[in-house]
Amino acid sequence: MTGPAIVADGLTRRFGAFTAVDAVSFAVGRGEVFGFLGANGAGKTTAIRMLIGLLPPTAGEATVAGASITSDPEGVRRRIGYMSQRFSLYDDLTVRENVALFGTIYGLRPAAIDARREILLGRIGLAHARDALVRQLPLGWKQQLALMVALLHEPEVVFLDEPTGGVDPITRRRFWELIYATAASGTTVLVTTHYLDEAEYCDRLSIMVDGRIAAIGTPGEVRATWGAATLDEVFLRLTRPGAAA
Amino acid sequence: MTRAAPAVVVEELHVQRGATRAVDGVSCTIAHGERFGVIGPDGAGKTTLFRVLTTLLLPSQGRVRVLDHDVAGAPWAVRGQLGYMPGRFALYPDLSVAENLAFYAEVFGTSVEAGLGRIAPIWEQLAPFAGRRAGALSGGMKQKLALCCALIHRPTLLVLDEPTTGVDAVSRREFWDLLDALRSDDLTVIVATPYMDEAARCDRVALMQHGRFLAMDAPSAITTGFRHPLLAVRAADRLGLLAMLRAFPHARGAWPFGDTVHYSDARLGSEPGEIREELVAWAADRGLGDLAAEPIAPGIEDLFIDRLAEHEAVA
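Residue numbers (my numbering), protein chains in the order written: chain H, 1 to 245; chain X, 1 to 315.
Treat the hints as calculated values from the structure; they're not laboratory data. Note that the Cβ used here is the ideal one computed from N, Cα and C, for glycine as well. It is possible that part of the hints are untrue.
[To be verified] In silico negatives: residues of chain H with every beta carbon more than 10 angstroms from chain X:
1. 27
2. 31
3. 38
4. 49
5. 52
6. 65
7. 101
8. 112
9. 173
10. 177
11. 184
12. 200
13. 216
14. 220
15. 240
[Unchecked claim] Reference excerpt, derived from the structure (chain H facing chain X, CB under 8 angstroms, subset only):
16. 41
17. 97
18. 100
19. 132
20. 141
21. 166
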C-alpha cells in the first residue's frame with residue numbers, strides 16, 4: 001500500500017460543550033518517526049484514542065494504514081500496534097505467556113507466534129528470560145518487551161504513549177534506538193513524550209495546544225519558525241503565551 | 001534559628017524487600033531549611049527510602065534520625081512534624097477541596113485557619129475552587145491541593161515523592177516555582193524526581209540507582225565528578241554517527257542528547273581539540289564527511305549515564 005500512514009482531516013471530538021480535539025489535520029509518512037507533543041490536557045490522548053479506532057470522532061475523518069477510523073475501526077485496530085506506559089503487559093504471566101496471549105488476540109497461529117517471539121526477544125537481548133515472570137523484569141526491560149509485543153503482528157503503524165516515562169537515561173536512549181530500528185524496518189511510529197530532548201529524535205513532530213495543532217514540521221523547522229534555540233523554548237511559548245522564557 | 005541536630009541523618013541504611021535490596025547502603029545528612037533532591041529512575045529505591053524517612057517502613061539495617069527522633073524508636077514524634085505527598089493522588093475524590101483540607105487539619109489536631117499562613121501562595125490559586133469535588137479538579141489543581149493538605153499542619157519537613165512525574169515540561173516548571181514560594185528556614189524539603197533537569201532547582205542532589213547514591217553534591221558541583229573529555233557531536237546521519245563514534249577505539253560513551261550526540265573519551269586529560277581532529281578524520285574515512293564537534297561541560301545527565309554505564313560494566 002502506498003500513500004501516507006496516517007491522514008487526519010478535520011478530526012474533531014467534543015465532550016458536551018468542551019471541544020477536546022478541534023478540527024485537526026495532519027499527515028504522517030510511511031516509516032516516519034512522528035512526535036506527538038502537547039501539554040497535559042491539550043487533547044493528545046483523545047486524538048490518539050480516535051486514531052486507534054477506540055473513540056469515534058464527532059466530526060472529520062482519519063485513515064490509518066489505509067483504513068478509515070469511522071467506517072472500518074476494526075480494520076484500523078488490526079493494522080496497528082499500541083503501547084502505553086500505564087498498561088502494557090501482565091505482570092503475573094511469563095514473557096512467553098504474554099507473547100502467546102497477545103499473539104492469539106492478534107489472530108496469529110501458534111507457530112507464527114513462536115517464530116516472532118524468538119526474533120523479537122533476540123532483538124532486545126531477552127531470549128534467556130522467556131520463562132521469567134514479567135514482574136521480575138527491571139522496568140527498562142519491561143518497556144522494551146512491551147514495544148516488541150506491540151510489534152508482534154507486524155503492524156503498519158505503532159502508537160507509543162509516553163513509552164519512556166520514569167526509565168533511566170540509558171534505557172531511555174536504548175528505547176529510542178529500538179524506535180529507529182522499528183521505523184527503519186518500515187513501521188511508522190507515532191510517539192508521545194514529556195522529554196523535549198526526545199522530540200529532537202523525531203523525523204517530524206507536532207505540538208498540540210487547546211485541541212489544535214499549533215506547530216508541525218521537522219525539529220529544525222519548528223525551532224526556526226518560532227526563532228527558538230530549543231524545542232523546550234517553543235513548547236513554553238506555545239503553551240504559556242503570557243510567561244517569559 | 002539554630003538547632004543542634006540536622007533535619008535528617010541517615011547512616012548506612014539498608015532495606016531488604018523480598019529478594020531485592022531496595023536500599024543498599026545509603027548515608028546522608030540534610031540540614032534544616034535545605035531542599036534536597038533524590039534523582040533516579042523508577043525502581044532505583046527512592047520510594048523505599050522515603051517510606052523509611054516517613055516512618056512507614058523500618059530499616060533492615062542502619063540508623064535513621066528525622067527531626068532528632070529515631071524513626072524506629074519514636075515514629076509518632078516524627079509523624080506530627082512531617083508532611084508527606086506520596087507519588088499517587090491520595091486525596092478523597094468525593095470530598096470538596098475545602099473538606100479535604102479540613103480533614104487533614106483535623107487528623108493532625110489543628111485547624112485550617114492555623115495553617116493557612118504557610119500555604120497562602122498556593123491557596124490563593126485554589127480558593128476559587130474550594131467547593132469543587134477534588135476528583136473533578138485538573139491535574140495541576142489536584143497537585144496544588146495535595147501540597148496544601150501536606151502542609152496544613154505546619155510541618156517542618158516536607159517529603160514529596162515524584163510530584164512531577166507524568167506532568168508536562170511547563171507544568172513541572174510551575175510546580176517548582178510553587179516550592180520556591182514556600183521557601184523558609186523552618187521547612188526542609190526532600191523531593192524525588194526522575195527528571196534530571198530538575199536537579200538545578202535543589203540545594204543538593206543525590207543521584208540514585210540500584211538502591212545506592214551514585215553521587216551527592218550541590219547541582220553546580222556534582223558534575224565535577226565527570227572527569228573525561230566530553231564533546232557534542234553532530235552529523236546529518238545520526239544513527240550512522242552513533243555507530244561510528246561507538247566504534248572509535250578511545251570511546252568511553254556515545255549517547256544521543258537532543259539534536260547532538262555526546263561523546264566521552266576514555267583518555268583522561270586529552271585535549272578536546274585534538275580529539276575533535278581525530279574524530280573528524282575517523283568519520284571522513286568512514287564516509288561521514290559532515291561531522292562537527294565542540295567541547296562541552298558535562299551536565300547531570302552525562303554524569304548519571306557515565307556512572308550507570310560503569311555500574312553495568314562491572315555487574
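To see whether the hints hold, each was checked on the structure:
Distance check on residue 27 (chain H): its Cβ is at least 23 angstroms (rounded) from any Cβ of chain X, clearing the 10 angstroms threshold; non-interface status holds. Even its closest Cβ contact with chain X, about 13 angstroms, leaves residue 31 (chain H) beyond 10 angstroms, as expected for a residue assigned away from the interface. The non-interface label for residue 38 (chain H) is inconsistent with chain X: the shortest C-beta to C-beta separation is roughly 8 angstroms, within 10 angstroms. Distance check for residue 49 (chain H) against chain X: the nearest CB is about 17 angstroms away, which clears 10 angstroms, and the non-interface claim stands.
Distance check on residue 52 (chain H): its Cβ is at least 20 angstroms (rounded) from any Cβ of chain X, clearing the 10 angstroms threshold; non-interface status holds. Consistency note on residue 65 (chain H): stated as away from chain X, and its beta-carbon is indeed over 10 angstroms from all of that chain's, at 25 angstroms minimum. The non-interface label for residue 101 (chain H) is consistent with chain X: the shortest C-beta to C-beta separation is roughly 24 angstroms, beyond 10 angstroms. Distance to chain X confirms residue 112 (chain H) as a non-interface residue, since its nearest Cβ pair spans about 29 angstroms, more than 10 angstroms.
Its beta-carbon lying about 5 angstroms from the closest one in chain X, residue 173 (chain H) breaks the requirement of being farther than 10 angstroms from that chain. Not every CB of chain X lies more than 10 angstroms from the CB of residue 177 (chain H), the least distance being 8 angstroms, so the non-interface label is violated. The claim that residue 184 (chain H) is not at the interface with chain X is violated, since a C-beta of that chain comes within 10 angstroms of its own (minimum 8 angstroms). The beta carbon of residue 200 (chain H) is not kept farther than 10 angstroms from every beta carbon of chain X, the shortest such distance being approximately 4 angstroms.
Distance to chain X confirms residue 216 (chain H) as a non-interface residue, since its nearest Cβ pair spans about 18 angstroms, more than 10 angstroms. With a closest Cβ-Cβ approach of about 8 angstroms to chain X, residue 220 (chain H) is found to fall inside the 10 angstroms limit, against its non-interface label. Not every C-beta of chain X lies more than 10 angstroms from that of residue 240 (chain H), the closest at about 5 angstroms, which undercuts listing it as non-interface. Satisfaction of the interface hint for residue 41 (chain H) is found here, the shortest Cβ-Cβ separation to chain X being roughly 6 angstroms, below the 8 angstroms cut-off.
Below 8 angstroms, beta-carbon pairs count as interface contacts, and residue 97 (chain H) has none with chain X, the closest being about 21 angstroms; its hint is therefore violated. A cut of 8 angstroms between beta carbons decides the hint on residue 100 (chain H): the least distance to chain X is about 26 angstroms, and the hint is violated. Using the Cβ-Cβ criterion of 8 angstroms, the hint placing residue 132 (chain H) at the interface with chain X is not satisfied: the shortest such distance is roughly 13 angstroms. The interface hint given for residue 141 (chain H) is violated, since its Cβ lies 11 angstroms from the closest Cβ of chain X, which is over the 8 angstroms cut-off.
Hint on residue 166 (chain H) holds. Least Cβ distance to chain X is approximately 4 angstroms, under the 8 angstroms limit.
Of the numbered hints listed earlier, those contradicted by the structure are 3, 9, 10, 11, 12, 14, 15, 17, 18, 19, 20.
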